[in-house]
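Participant: Line order of the protein sequences matches chains Y and E. Sequential numbering of the first sequence, starting at 1, is according to the UniProt record's numbering. Sequential numbering of the second sequence, starting at 1, is according to the UniProt record's numbering.
By construction, these hints were calculated from the structure, which means they are not laboratory data. Idealized CB from N, CA, C, for every residue including glycine. There may be inaccurate statements among the hints.
[As the list claims (entries may be wrong)] If you want the ones that stay clear, here's a sample from chain Y, every Cβ over 12 angstroms from chain E, calculated:
#	residue
1	Tyr48
2	Tyr87
3	Pro319
4	Ala336
5	Ser428
[Unchecked claim] Cut-off 20 angstroms, straight-line C-alpha distance, at most; resulting in silico cross-link-like pairs (SDA-like, lysine to any residue):
#	chain 1	residue 1	chain 2	residue 2
6	Y	Lys103	E	Glu144
7	E	Lys38	E	Thr110
8	Y	Lys83	E	Asn44
9	Y	Lys452	Y	His417
10	E	Lys136	Y	Tyr85
[Said to hold, decoys possible] If the Cβ cut is set under 10 angstroms, some of the chain Y residues that face chain E in the computed set are:
#	residue
11	Lys80
12	Ser105
13	Phe106
14	Thr107
15	Arg110
16	Arg111
17	Val118
18	Arg121
19	Phe124
20	Glu233
21	Met236
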Amino acid sequence: MAAKDPDSGGSGEILPITPSLSETTSGVTAASQATQPPSSSSDVDTVYVPSYSRWFTWTGIDDCEVRSLPEFFNSKSTSKNPKFYMYLRNSIIKQYRDDHPRKISFTDVRRTLVSDVVSIRRVFYFLEYWGLINHSSSSSAKPLKWDEKSAGDASSEPPTTAKETAKRICNGCKSICSVACFVCDKYELTLCARCYVRGNYRVGINSTEFKRVELSEESKKVWSEKETLQLMEAVMHYGDDWKKVATHVTGRTEKDCVSQFVKLPFGEQFVKESDSEDSLEAFDQIKGSADLESGGSDKEGSSPNKRLRLTPLADASNPIMAQAAFLSALAGTKVAEAAARAAVTALSDVDYEAEKNATGDPNRQDANANSGGEITNSERDWADAKSLIQKEEQEVEGAIKEIVEVEMRKVRDRIVHFEKLDLEMERSRKQLEDMKNLLFTDQLNIFFHTRKARKSEDRVDVKT
Amino acid sequence: MKALGSSGWKGPVKFRMPTAENLVPIRLDIQSEGQRYKDAFTWNPSDPDNEVVVFAKRTVKDLKLPSAFITQIAQSIQSQLSDFRAYEGQDMYTGEKIIPIKLDLRVNHTLIKDQFLWDLNNFESDPEEFARTLCKDLGVEDPEVGPAVAFAIREQLYEIATQSVASAKESRLSKKSRRGSDHGSASKASGLSMDLVKLFSFKSSVVRKRKDLDVYEPVVDLLTSEEVDALEAREERHAR
């Protein structure tokens, strides 16, 4: 009863190997206890579980689990309960079977499960001991994150085995090999140069059985962008001093640096002398940068754009200015001036689609003569780019206008509101004044009345 | 239900993580022989001490790190555990503390930003459960996000708990003779906690203000590889 794992390269969500839940035992092959399962062509698909683990089911807990991991079943803590144990166990097994036949490591598992790591470790060891995980897997481990990083690319490279990309560690002295190492394929040993010279290896091996492996060779033949950038910076600073350049570029020897620099597309600039050629290249590059700006990705592959992406030396906030600065520095002031003039005139020409100015623009004529078809294409793209930019600018302006209008309206409303409040204040103040006046008149009246009353009283008294 | 009028003075509690499981957040950042190992996970302090070395050995073996890392990892874990245990004997005042917990973390390609209120008094709270539910509800596919969220919550709770221990010590030292209301004020010493009385008085409403709505909402972003690279480069620059 082999449980055929249909290719789990699909979603990886629900495990394809769901044994029918009505069965008491999971439908897995019962291989003999100790021997390895026969390596068949369907090895990738079938998961073998030893016969002494036949008790395993996804939904149940067996006695041996309770005995081996009592902490989950003695109800001492509220969250370490059987349900939590099943969550851990099932996730670990699921994760292993998703990646089968690769061996799953404890660290992979504990990084993906929400729990304290010691509980995970206990369940993991338990499952490994009982052969429910890592039973018959090959030993090629998953490539590690920092391995891939040290090789230069994050995720675009296909994962290689750890042996190739990991830093070489000497079997003899357990240190990292830097320059060269000696590999003995027979016994699978790697020794650093020091250990090899000292004879720091096993007795039975002959020194002739070692092969010298230059680490600079086996490091990537392709230069990453970071390294190329470092190379450019170093060359700018140190010029011909390749020793210093090599130290600036991490991980490359002098020879490598020189060869790479020569291979770079604009390395030719140092070879060619003529002004027109330089300005032509500068012109192309500025056009190319315009293409970049417009997002015309069709030209991505061409060398001018590649050059630009590799050399942001100056202030990176405006990449085009940075490239222009770098190129002008390389090419010299006269040439840069000529190139800039040429570029500006070309841009204005393309923009208004006026006739090409023959006066005072010999460079552009040269450029036209040299590569006619390419330039008209890029002119067209340049024009498209310009119009797109203008449209966007207009849109942005319109949006800003609207925003300003809304804000003004808001302010106006607030002013109106305040004016109303002000009026109210005035009115109530007037009312207050009136009431005060009334009160005052009342007081006066009372005063006069009392005086009158008193006077009449006096008169009456006098009379009587 | 407690009467709203009381400012919620509780007697001092023995220090522990204010969660159902008394788990410690452990952070590792070890550099040796040109390699850097960064990690973060939760540990149960009641586990026997030999577990530390076992874990260190297994991790080094799994990640193929040089064996010098074993002792360093073990030492780092041990020191963080003993820090935690040093706090354990002491008192802390919790009071009526509802604190905002902020999440702002990036795990591989997933970026999570969130803010929510957590009751520090509820000793049955479970950050792990919260993390699991959050990931399930938001449909997060990367399984490494859950533990990172739980860890972030735990770390913040741990920090606040240690702060309350420190403030409890201070208040005890400075006002040895007085009792009563001062303890209540000590419990509100940290500016983070919200006064429940003010929050639920008749003047303000229980419904959250509109300007706060955006802040208290979880946001999950999936980044492309280039964005991840850019962020990592920036982080490394900051670290230096």
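Participant: For every hint, state whether the structure bears it out.
Facilitator: Going through the hints against the structure:
{"no.": "1", "hint": "Tyr48", "result": "23 angstroms, holds"}
{"no.": "2", "hint": "Tyr87", "result": "9 angstroms, violated"}
{"no.": "3", "hint": "Pro319", "result": "15 angstroms, holds"}
{"no.": "4", "hint": "Ala336", "result": "31 angstroms, holds"}
{"no.": "5", "hint": "Ser428", "result": "27 angstroms, holds"}
{"no.": "6", "hint": "Lys103(Y) with Glu144(E)", "result": "19 angstroms, holds"}
{"no.": "7", "hint": "Lys38(E) with Thr110(E)", "result": "18 angstroms, holds"}
{"no.": "8", "hint": "Lys83(Y) with Asn44(E)", "result": "19 angstroms, holds"}
{"no.": "9", "hint": "Lys452(Y) with His417(Y)", "result": "52 angstroms, violated"}
{"no.": "10", "hint": "Lys136(E) with Tyr85(Y)", "result": "19 angstroms, holds"}
{"no.": "11", "hint": "Lys80", "result": "8 angstroms, holds"}
{"no.": "12", "hint": "Ser105", "result": "4 angstroms, holds"}
{"no.": "13", "hint": "Phe106", "result": "5 angstroms, holds"}
{"no.": "14", "hint": "Thr107", "result": "4 angstroms, holds"}
{"no.": "15", "hint": "Arg110", "result": "7 angstroms, holds"}
{"no.": "16", "hint": "Arg111", "result": "5 angstroms, holds"}
{"no.": "17", "hint": "Val118", "result": "5 angstroms, holds"}
{"no.": "18", "hint": "Arg121", "result": "6 angstroms, holds"}
{"no.": "19", "hint": "Phe124", "result": "9 angstroms, holds"}
{"no.": "20", "hint": "Glu233", "result": "16 angstroms, violated"}
{"no.": "21", "hint": "Met236", "result": "21 angstroms, violated"}
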